[in-house]
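Chains C and X, in that order, give the protein sequences.
The first sequence begins at 1 in my numbering and counts up by one.
The second sequence begins at 1 in my numbering and counts up by one.
Warning: the hint list may mix true and false statements.
Negatives, chain X to chain C, calculated, CB over 10 Å [unchecked claim]:
#1 V34
#2 L41
#3 F137
#4 N153
#5 L195
#6 L198
#7 V207
#8 I223
The list that follows gives simulated cross-link-like pairs (lysine-lysine, DSS-like), each with its CA atoms no further than 30 Å apart [to be verified]:
#9 K20(C) / K55(C)
#10 K268(X) / K201(C)
#11 K257(C) / K268(X)
#12 K77(X) / K257(C)
#13 K396(C) / K77(X)
#14 K11(C) / K321(X)
#15 K396(C) / K321(X)
None of these hints come from the bench; they were simulated from the model.
The beta-carbon is built from N, C-alpha and C at its ideal position, and this holds for glycine as well.
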Amino acid sequence: MILMNHKKTFKGGIHPDEQKQLSENLSFEVMPNPKHVIVPLIQHLGKPAKPIVKKGSEVKAGEIIAEQDGFISSPIHSPVSGKVSKITVGATVTGFPKDAIVIEASETNETVLMPPLDPEKVTSEGIRERVKLAGIVGQGGAAFPTYVKLSPPPDKKVDIVIINGCECEPYLTRDYRYMIERTDDLITGLRLIMKAVGVEKGVIGIEDNKPEAINKLKEAVKNLPNISIEVLETKYPQGAEKMLIKAVTGKEVPPGKLPFDVGAVIQNIGTAIAVNDAVVKGEPQLTAALTVSGLGINQPKNLIVRIGTPLADILDYCGGVKENAVKVVVGGPMMGVAQYDFSAPVMKATSGILVLTEDEVNDHEETPCLRCGKCVDVCPLNLIPTKLARLSSLEKFEEAEQLGITVCMECGTCTYTCPANLPLVQWIRFGKQRVMALQRERQSA
Amino acid sequence: METTTANPSYKLELTSSPHVHSRWSTKQAMWFVVIALIPALISAVIFFGHYQLLIVFTSVVFCVGTEYLIKKLRKRKVTVMDGSAVITGLLLGLILPPNFSLSSTAIGAVFAIAVGKEIFGGLGYNIFNPALVGRAFLQAAFPVAITTWTKPNFAVDTVTSATPLAAYKFDKMFTSIQPMFLGNIGGSLGETSALAILIGGIFLIAVGVVNYRVPLAMILGMILFAGIFWVIDPVKYPNPLFQLFAGGFLLGTFFMATDWVTSPITPKGMWIFGLGIALLVVVIRIFGGLPEGVMYAILIMNSVVPIINRYTYPRIFGEAK
Numbered sequence: 001m002i003l004m005n006h007k008k009t010f011k012g013g014i015h016p017d018e019q020k021q022l023s024e025n026l027s028f029e030v031m032p033n034p035k036h037v038i039v040p041l042i043q044h045l046g047k048p049a050k051p052i053v054k055k056g057s058e059v060k061a062g063e064i065i066a067e068q069d070g071f072i073s074s075p076i077h078s079p080v081s082g083k084v085s086k087i088t089v090g091a092t093v094t095g096f097p098k099d100a101i102v103i104e105a106s107e108t109n110e111t112v113l114m115p116p117l118d119p120e121k122v123t124s125e126g127i128r129e130r131v132k133l134a135g136i137v138g139q140g141g142a143a144f145p146t147y148v149k150l151s152p153p154p155d156k157k158v159d160i161v162i163i164n165g166c167e168c169e170p171y172l173t174r175d176y177r178y179m180i181e182r183t184d185d186l187i188t189g190l191r192l193i194m195k196a197v198g199v200e201k202g203v204i205g206i207e208d209n210k211p212e213a214i215n216k217l218k219e220a221v222k223n224l225p226n227i228s229i230e231v232l233e234t235k236y237p238q239g240a241e242k243m244l245i246k247a248v249t250g251k252e253v254p255p256g257k258l259p260f261d262v263g264a265v266i267q268n269i270g271t272a273i274a275v276n277d278a279v280v281k282g283e284p285q286l287t288a289a290l291t292v293s294g295l296g297i298n299q300p301k302n303l304i305v306r307i308g309t310p311l312a313d314i315l316d317y318c319g320g321v322k323e324n325a326v327k328v329v330v331g332g333p334m335m336g337v338a339q340y341d342f343s344a345p346v347m348k349a350t351s352g353i354l355v356l357t358e359d360e361v362n363d364h365e366e367t368p369c370l371r372c373g374k375c376v377d378v379c380p381l382n383l384i385p386t387k388l389a390r391l392s393s394l395e396k397f398e399e400a401e402q403l404g405i406t407v408c409m410e411c412g413t414c415t416y417t418c419p420a421n422l423p424l425v426q427w428i429r430f431g432k433q434r435v436m437a438l439q440r441e442r443q444s445a
Numbered sequence: 001m002e003t004t005t006a007n008p009s010y011k012l013e014l015t016s017s018p019h020v021h022s023r024w025s026t027k028q029a030m031w032f033v034v035i036a037l038i039p040a041l042i043s044a045v046i047f048f049g050h051y052q053l054l055i056v057f058t059s060v061v062f063c064v065g066t067e068y069l070i071k072k073l074r075k076r077k078v079t080v081m082d083g084s085a086v087i088t089g090l091l092l093g094l095i096l097p098p099n100f101s102l103s104s105t106a107i108g109a110v111f112a113i114a115v116g117k118e119i120f121g122g123l124g125y126n127i128f129n130p131a132l133v134g135r136a137f138l139q140a141a142f143p144v145a146i147t148t149w150t151k152p153n154f155a156v157d158t159v160t161s162a163t164p165l166a167a168y169k170f171d172k173m174f175t176s177i178q179p180m181f182l183g184n185i186g187g188s189l190g191e192t193s194a195l196a197i198l199i200g201g202i203f204l205i206a207v208g209v210v211n212y213r214v215p216l217a218m219i220l221g222m223i224l225f226a227g228i229f230w231v232i233d234p235v236k237y238p239n240p241l242f243q244l245f246a247g248g249f250l251l252g253t254f255f256m257a258t259d260w261v262t263s264p265i266t267p268k269g270m271w272i273f274g275l276g277i278a279l280l281v282v283v284i285r286i287f288g289g290l291p292e293g294v295m296y297a298i299l300i301m302n303s304v305v306p307i308i309n310r311y312t313y314p315r316i317f318g319e320a321k
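Chain C on its own, in the form it takes in the complex (with noise of 0.2 Å):
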């Protein structure tokens, strides 16, 4: 292997069906806006913001309707001008209800902006005031408010700022087409988060499967000596944050730390298109960016919607579902949410609506554990799937803690790879969730 001519990559990953080629040549379609929209309270992780309007209220879209609660937490801004009709728990595509704003949006759809900024002159200071106002947070999945990670605590000493346009889970073709279209925005962007963190040096890494967008970006950037595009192996997960800083810097990110202890700071490609749309156009977070594929789905699409738009709206936008459809997943299909009930809005965090046949999901049945080991060869943390499974389904936490099932990122390698297709790290979810729960109760104790 070491002869071989390859690209920078970590160890194990698994290579399933892209099906990029279902929606990658399809430029991004704007959406009209919805009859209404339905706009949860918590679209990110930490505390939900509070909400300054009521029942019957008018907003403008562009206009901060529930506020920011805390450090680690994110302002909703109304996504389109109309009439809140009521507040209420609603359906939301994490599988939770949670508590939401619905508004009737009305004909007219006059936008507030912030003032614009020069992105030249801007400080670092104003970006992460600008990031925090506009209410971004993180595009990759977890939807981590992003003022909060421009601020590295004030001991770590962050050298390299990397944005993941890996986009490795299958289907999604979201980034990429950020990637093509938006090129000199996403540079931009790139450079205000650069230099809201104050470090000299910017990667953007990139799987090998998208050569139109590493051309691209590459012709970007070849007059900026401190940005460099890393082309990568592509391969599930290499967008992971630990397996992308592994690929890219060598390190290894310690289990329980986080990428500032290591020097780095990652952001997602919608994450630095945000930045600069916030910055350079004082447009808050109002849209969401996602992918419509599938074999399910009757007219694969990348599309702009407006956040809170329901599932339902947009799946009828792309021409309905087929009648071979089982599953409709938001998110990626290693990573993302089976959902059940098509009334739940889209929110900052989605990248993709995907409607699976029975083909794609390729379920077969369940046999026992035939120890083969691939579990543990793919693993991309290096831990025995098969024996985290085992202990999480005996119980046995104590032991799978020590076997560091709380390292797990749940993504879903050992479960896709298991010829005997036994829920592994379904398993070690439970076991993970039970493990932390111990852990909680030791510190308070």
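Starting from the structure of chain C, add chain X where the hints point.
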């Protein structure tokens, strides 16, 4: 909450991620192994005649039948279609001497499945390779019949019915490599042709059923350990190439030691397991009372797999090296 479209009337699956799965299944892997054994089966027919097919057939039928019966008696789901009993039957047949009695074959097959596998709970739970358990039982029950060898079909005058290992052990005679590579030597049905076994074995590694580590560790280990003795005294001890191609080493390397269930799951463990087998084979062949040691070497290493696993867990990503 009202939406523009009512919720769908069709059924949607609601399992947690991941929502896609590789094409791997237990069944598929097992049938790949069956395919990979076909070259060895053909070599058995070429060198020892059509009767050998009957031995293999008997072994397969009794293996599958025994598993079926036991599952029925225990009121468990019948799993014979997963192909694992077929593999045990094929392997057991292929490691018996040519023209072995069919009734004894049947006894070995029943023992292999009943005691080697089902007594532990069936596929996935057994500690020892079932085919080798059956073979070990036959070795104890019919010690003469199981060491009665047949001359291969294309035997020239110098080829005896004795296996190269027996010829070395008892008569200090070395067989040349070329007939050993093709299979024109005395030995068990499917073990004589290195060529046929390599075709099947490389196929299994190429399609990803077998990980390269155990076979590579065994081959390198054999070259190393046999090489040490050979360097010490090339007259007294056989050369590493002879050791590699003799007896059941290659068949064991690619088809028995690599059995998923009875080999380690950790990368380091696979290396230790393979090297351990090679060392035991060399020790048994050179110092033991028997000319061949592959069967016992694998069975012994099978028994320590849980310990090997336990002490070879890989370093978790990000932990200190």
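Fill in: In rising order, the numbers of the hints this structure does not comply with
9, 10, 12
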